[in-house]
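S.K.: Now for the letters of each chain:
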Amino acid sequence: MQAYIIRRILLFLPVLLIFSVVLFLMLRVMPGDVVGLYLGLEEDSPPLEKEEADRIRAQLGFDRPIPVQYGDWIWDIVRLDLGDSLSAGRSVNKVVRQKMPVSLELGVMSLAIAYILSIPSGIFMAIRQDTWADYITRVLTLIGLATPTFWVGIMIVIILSREFGWLPPLAYVQLWDDPWVNFQQMIWPALATGTSSMAFSARITRSSMLEVLRQDYIRTAAAKGLAYRTQIIRHALRNALIPVITLFGLAVTNVASGSVIMETLFGLPGLGQEFLRAINTRDFPLVQGIALVLAGWVLGVNLLVDLLYPLIDPRVKYT
Amino acid sequence: MATVTDTITAQKIGTAVGGYLWGVVTGLVSFGRKKPLGGISLLFLVGLVTVAVFADQIAQDPFHFDRPARLAGPSWDHWLGADSFGRDTFSRLVVGSRIALIVSFSSVGFGAGVGTFIGLTSGYFGGKFDLIVQRFVDFLIAMPGLVVALVLVAVLGRSLMNVIFAVAVLSIPGTARIVRALALSLNQTEFIMAARAVGASTPRILLRHFFPQVIPLVLIAASGGLGGAILAEASLSFLGLGPAPPTPTWGAMLSGSAIQFIDESIWIVVFPGVALTLTVLFVNLLGDALRDVLDPRLRT
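Protein chains in written order, with my numbering: chain A, 4 to 322; chain B, 35 to 334.
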């Protein structure tokens, strides 16, 4: 077990390292001159501006060989310094520190909503198998899987504003400044982000619940006269949830992708919105910094799920 | 004399082709009987492909500005209304279906091809090669897909080919993993050992012995990934990093200007979303049906 944990953690680093190399190379070999694009230089710009660009390039260290640049970047990261953004006066660290809480809150909320809604509906579908209620809920989950999250977000905004004449407060308010206003702002994007994870885990809950309900120990529980509620919740659900928990890592990956869309759509100042802005303004140090942070988070959660798995399911033993 | 044999051969070929086509038709009918939902989905998809192929005949000019019809709701002139420039929504949806289908099919095809190659070689050779390749696969599986695709399109530039490539990268790891697992177990089977024993070359073993075995699983993985590919393209377009404008795409129809005008007309955002959802829904249903029919593990 210990050997497994150590090996698993050792494998975590190479994956992150591969990501950093690929990301770095991609952003460096890209056609076009980063600094030139950044300054908005044209082919026929006056030589003075070109000199200026060279100066900035030297200042940012972009004129050095790529392996040296990479080594420098990684060495800084080891010391927890993500480098400087191209826009003046902002270090990537500062941006991440400022924007991370918003994305984290959005992620936690959407995962919470997804699981709170999906597990009961999964159980419901399983215990009402092959009834109309089961069919309707199943169709709903299928539609949920097929609907683009950004469209769900747009429709939520439309329904709220047209039918109820209500819009979330515009300027973003921090959680600790006014929790209620913050909640009103976060709940809708969180709901939209969670749609596909919700539909997915409801379907998994249903199928694993159906499997568990056919087991002998459930019949035993019924035979000894346990209340139906106890059979379902204490005996069946506990085991049925194992695959659902395994999918947590996947859900986190989904939410990370969703945050880029939802933060842009709802104007939340989070990491995803900043990432898209960095891409559009060609702020590559910021792009690689945020991408690395997002990747680190997702990989970390996946690692955690893997390590916790034997605790959740004692039948699983790693060797 | 020669002409007589020619006609006879032609007739033979004719009946052979006819028989083959008839076989395809009866196969599809029995698929539809066994899996009604799959059959309906297949019909929908065939219909959509037809619409995409004949888009120029079906649609009016998707770039024509009909000023008086700005933000109009559905009407006889504009079946599904018009956008903020007075462009016909129905026509733009019809033309946009091309992008959705081209991107999803070619990226999934490309991704499945590369994934199969990676999975086969990784599972067949094993050892250090497998270990290193699998780290790349791990990495691709664990990455948030949209983040990777956004970086790729940003770096390569906005074009149809680059969007296809970016979406294709997302569908490589799933196929690679499934194929590798099967290749690992095939390594232990007697017919592969026999092939090795008689001295078949590695490419021959991989192509003639492994490949036919993994086709069903690759088809399942590919059809399962099709819906995700459509959504990925739509998300990229929505975020402004899809195929370059003015090409109408379903995702781009929902972005930017569309959201500004929702107070005046909800139709401009309703219909593209419905088109996307319906298409992905039917593609997913078809994938499920295919899996039920093809997956040897589910066969009873």
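Fair warning: there could be bad hints in the mix.
Computed Cβ-Cβ distance ranges for the label pairs, DEER-style [said to hold, decoys possible]:
no. : chain 1 : residue 1 : chain 2 : residue 2 : range
1   : A       : GLY270    : B       : SER64     : 45 to 55 Å
2   : B       : GLU298    : A       : LYS97     : 50 to 60 Å
3   : A       : ARG10     : B       : ILE249    : 28 to 38 Å
4   : A       : LEU213    : B       : ARG242    : 48 to 58 Å
Covered, in the sense of this in silico footprint (three residues per stretch, anywhere, with C-beta under 8 Å from a C-beta of chain A), are these stretches of chain B [claimed, not checked]:
no. : segment
5   : 138–149
6   : 231–237
Everything labelled a hint here was simulated from the structure, so no lab data went into it. Since this is a predicted model, take the numbers as computed values, not measurements. Beta carbons: idealized from backbone N, C-alpha and C, even for Gly.
S.K.: Are the hints correct? Go through all of them and say.
M.R.: Evaluated hints:
In this structure the supplied range 45 to 55 Å holds for GLY270 (chain A) paired with SER64 (chain B), their Cβ-Cβ distance being about 53 Å. Here the CB-CB span from GLU298 (chain B) to LYS97 (chain A) is close to 40 Å, at odds with the stated 50 to 60 Å. For ARG10 (chain A) and ILE249 (chain B), the hinted distance range of 28 to 38 Å is satisfied, since their beta carbons lie about 34 Å from each other. A C-beta distance of roughly 41 Å is found between LEU213 (chain A) and ARG242 (chain B), which places it outside the suggested range of 48 to 58 Å.
Counting residues of the segment 138–149 of chain B whose beta carbon lies closer than 8 Å to any beta carbon of chain A gives 0, which falls short of the minimum of three for the stated coverage. Remark: the segment 231–237 of chain B is not confirmed as covered by chain A, as 0 of its residues place a Cβ nearer than 8 Å to a Cβ of that chain, below the required three.
In summary, the structure is inconsistent with hints 2, 4, 5, 6 from the numbered list given earlier, while agreeing with the others.
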